[in-house]
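S.K.: Sequence lines, in order, name chains R and A. Residue 134 in this note's numbering sits at position 134 of the first sequence, with consecutive numbering throughout. Residue 320 in this note's numbering sits at position 27 of the second sequence, with consecutive numbering throughout.
If you're looking for bench data, these hints aren't it; they were derived computationally from the structure. Glycine is no exception: its CB is placed at the ideal position from the N, C-alpha and C atoms. One thing to keep in mind: the hints can contain errors.
[What the hints assert, rightly or not] Selected chain A positions facing chain R (in silico; Cβ < 8 Å):
#: 1; residue: 358
#: 2; residue: 411
#: 3; residue: 414
#: 4; residue: 415
#: 5; residue: 418
#: 6; residue: 419
#: 7; residue: 423
#: 8; residue: 429
#: 9; residue: 437
#: 10; residue: 550
#: 11; residue: 553
#: 12; residue: 600
#: 13; residue: 601
#: 14; residue: 606
#: 15; residue: 607
#: 16; residue: 615
[Stated by the list, open to error] From chain R, some residues computed to sit far from chain A (all C-beta separations above 10 Å):
#: 17; residue: 2
#: 18; residue: 6
#: 19; residue: 7
#: 20; residue: 12
#: 21; residue: 30
#: 22; residue: 63
#: 23; residue: 66
#: 24; residue: 123
#: 25; residue: 149
#: 26; residue: 158
#: 27; residue: 176
#: 28; residue: 179
#: 29; residue: 259
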Amino acid sequence: MDIFLQLMVSGIAVGGVYALIALGFVLIYKATSVINFATGEFMMVGAYICLTLLTYLKIPFAFVLVFTLAFAFMMGIVIERLILRPLIGEPIISVIMVTIGLSSILKGLAHMIWTADFRSFPEILPAEPWNLGFAIVPSALKWGFIFAIIGVIVFTVIFKYTRLGIAMRANASDQQVAQSMGINTKIIFALSWSFAACAAAIGGIVIGNISGIHPNLGHVGLMVLPVVILGGLDSIGGAIVGGFIIGILENLAGGYIDPILPGFKEIAPFIVLVFILMIRPYGLFGKKIIERV
Amino acid sequence: MRCGDFKDTYIRDEAIFQSVFVKVWLALFLVFLLIFPFLVNEYVLYIANLIGIAIIGAHGLNLLTGFTGQISLGHAAFMGVGAYTSAILITRVGIPFWWTVPMAGIMSAFAGVIIGIPSLRIKGLYLAIATIAAQFIFEYVFMTWESMTHGIRGINVPDPELFGFQFDTEQKFYFITLFFVIIGTLYARNLIRSRVGRAFIAIRDRDLAAELMGINLFRYKLTSFAVSSFYAGVAGSLWVSFMNIVTPEHFPLTLSIEYLAMIIVGGLGSVIGSIYGAMFMVLVPELLKFGTEFIKNIPAFQHIFAPLREVVFGALIVFFLIFEPRGLAEMWRRIKNFFLLWPFSY
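Chain A with its partners taken away, still in its complex shape:
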């Protein structure tokens, strides 16, 4: 710990912004985020939007898996529920995009609670398997409920608009994403330092002990599922309006796994970790694409990109789990501490 960094009240110890230094830097960072879209091209903004949506989804999963310790392999399914809710409400009922975002969240939260009910009896490996089943069942529903979801053809969704202003480019959509990312991050950070957040952490560390201490397991586990799926639903509904289309193939099991990979790489049980992880997992394939640009022209290697991505993805998960199980957040903390304490890093 840094010299002279002590707190004399609990309120200060629990504060989101620990010091003036942090506040200034965050304010500068926010300004940077606001001018960022005017400095870069469409492609970078496209990636930025994807990262933003991934951050929201990763926050949700990290609350459930990282903080509450309930492993979910069905996160993509909840995103799908949100995405379809939003798409159907916009195209069928004609509700504006802005209203469909919370509605999608609520619908997903509802689905999440239903899937969360078995979590009272089963946990760990068994729960992970139950959520896989949920993933497959939801995927199947998206595929076969033709009258609602249009099956494999999917639903086309128009761009969001506000007072006649069309959010039709990557640049304009960036601000929507940024808005939701900031709200989502603040809420997650805040939730963790509240009574609910502490209950989550207690359940993760030892659920039976938590119950003995008077934490209502059923209620808090379901809360965790609901909040997590709410995030997923919001991410899903942003995703449809960004991509302008939704089909059942957009929310496969591999996406759920990708989200788990994000929070593991970023740092389980760390709000900032979800952000690092989401950025990392979205950027790696893109960087890989640049890295393999030169071999693309050799015909023999043309088929190598997609599988290479898979190998790198798997290798990253394995690497992080073995060498840095607490993820990028921990790595960053260590590097920061090294320089803070240098040259007396004892």
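For reference, chain R alone in the conformation it holds in the complex:
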């Protein structure tokens, strides 16, 4: 029982991070119908920027965080303008492949700038594990969870209650109507990418804190696919719920099946994904698409 609870708790902590990254993913999908396969690389770049600022400038973590987010914000805008904008209205395969190409570029650049060495974050936050009585949360996971939850709450509030968020939702539900109501679709597109990049950057910093960083960190970004498919590609709530479910599931698989089948933890979410796609392709909370000729 103790092991079970421990696995559950670390699953929830990891799930928080997944939820945050999935949120960025869903934001982009809702606004622009693009699946961003470069999410993982956004995370990796964010983590590297944060690490570089921390080690070279030696300024307090709060400032570093602000700088990193500003950088991610700009990166999102630039990428949307240069790479995604020309492809609006192109077939799905072009859109998928362009984000894959982008991920390859970012990975290569990171590799060139920061080399392939494995790096770990310096102690930025007090290292103090969290004792819940029935389970212990390691310090990195604890902070990760806290950051992820703050991120999720901030983005959800922006999306639900601010003027900008309403504009984004209007744009997601019908672009033409939104445009005729005076919403600037181009700005919404750019901002969706910026927000997603910010969410990914926070996720990257958190993951980097837990497991260290190297240019292949972006692989974690693929874990977001089972999350969003489970929750529904166009559902913010689904991304959050899906994140926690996949996080827990991954940890349980790691705890109980890994001893029999080593490495099963890595693919358990993908097996779940296949089943969801067969049974309920639009996910738990996704909108069911009705097609007409």
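Assemble chain A onto chain R, guided by the hints.
M.R.: Coordinates of chain A only, in the frame set by chain R:
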């Protein structure tokens, strides 16, 4: 269109070789391909073999993605299935290489059909994600099914032989590759102008409309998956016998992506495009290697080659998608037309 280039029967319009001119050039090209291995060194032949194998794989993926419109990010996994089938049959059962090639193809086709089943309910982005899942699951199976695949250590495979003749050098293997490339290309070209090929294209253009016109979506989508994976399996089994070893690391997601890049760069929905794309994507890293030869000696730049390759690879995909979405095949067609019509290119 060229002046005087008109057809009076459907058969002529659908012909593979459109004119005598084309036939003569292709015959000359074939002769060139046959004497090519005697003119160049081992390294060039090594690259030629890689290109040949890539062409076969790219044909398969182009049939599925370019012609039928089903995006697959699991092509490398099917190659892996073929490669492992071939390797296991050769080393365990002792079946000669020649027989294992079609068997590998069939095994891959079987795997492809299973992965293709969800394609009836899901499509586009969702299908792409499902095939990623398949890729990871297959990779995992290659890695952990120790008793069959020998896990990370891989399987060593001997060179193919025919009546005591060993295909042990790049030069000799070149002819095997060439044989399969020609058969594969002819089959793909032929399939596209048949009833099946037209059904594929109809499904790509609008699947619901295709169904209303009486095309059995389920059957044709699965056919497409089967044919595509068959090609992948053949490519995979050639690959093992060429490299003499197979390990799980040889068929990662990045290879699937590389194949998608090939058909995008070459031209989606174009048989000749698969060939251009495969050549281009194999040659670019090699050319890059030559290009960066001089900076290799500077210690500070030594670590730059591998990432540079990645950046160039990504940049090529992005560049082609934005500026030439129909690929090299379209570029070539435009250049040809320019000269055909010159100076009256209106």
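S.K.: Looking back at the numbered hints, which does the structure fail to meet, lowest number first?
M.R.: Violated: none.
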